[in-house]
Amino acid sequence: MREFNSFGAFAGHLLEIQLAEAFAMHEGLKAVGEHVEAVAKWEIGFYQEAVGPFPAWEPLADSTEAEKARLGYQPDAPLLRDGDLRDSYGNEVEVLDAIIGSTSDIAVYQEIGTPTIPPRPVLGPAALHSQEFIEATIGAAAVSGIIGSDRIHKGLGYDFDVG
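For the numbering used here, count along the sequence shown from 1 and bump the result up by 1.
If you're looking for bench data, these hints aren't it; they were derived computationally from the structure.
Please note that the accuracy of each hint is not assured.
Claimed, not checked - Pair ranges (Cβ atoms, derived):
id: 1; residue 1: Asp88; residue 2: Leu15; range: 41 to 49 Å
id: 2; residue 1: Ser64; residue 2: Ala23; range: 46 to 54 Å
id: 3; residue 1: Asp88; residue 2: Phe11; range: 48 to 56 Å
id: 4; residue 1: Glu68; residue 2: Glu112; range: 18 to 26 Å
id: 5; residue 1: Ser7; residue 2: Ser89; range: 53 to 61 Å
id: 6; residue 1: Asp85; residue 2: Gly149; range: 39 to 47 Å
id: 7; residue 1: Val144; residue 2: Asp77; range: 38 to 46 Å
id: 8; residue 1: Leu16; residue 2: Gln75; range: 51 to 59 Å
id: 9; residue 1: Ala12; residue 2: Ile118; range: 54 to 62 Å
id: 10; residue 1: Ala23; residue 2: Tyr74; range: 19 to 27 Å
A virtual CB, placed ideally from N, CA and C, is assigned to each residue, including glycine.
Work out the full structure: start from the sequences and follow the hints.
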């Protein structure tokens, strides 16, 4: 057991733990953001099954497929034309907030649907498909930050550095 010779030394130790925890959680969130982004990008171009509250993707309309064929795009690949929509997905982590999304207005229309476009959600399903990774990564980061060790997350196979 560690002993402290003053309240100041103990307070300093608690501050170190707090900073290590925040850093570990930040690094864990970066790993989660990258993972969920990759899963979201992978979903583009493939019909997705229903997951959780999110519906299965409906087939593209014949008129949409005909237009894609006319323009030389891959057939039967929902949401994928030239890759711009897929490439619009990204993530940012600021302190302890992870934001995963798209910079494209088209992604919003596809995500929630419109009067003429059925919903083809990407982000919610990507998060649900990533649930095990998210829980393990954030859990490992939390414990690593508290005990000051990166052995836990590396032992689980998650590669981020907590310092």
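Problem - Numbers of the earlier hints that this structure fails to satisfy, in rising order - result: Checked against the structure, the only hint that fails is number 10, while the rest are satisfied.
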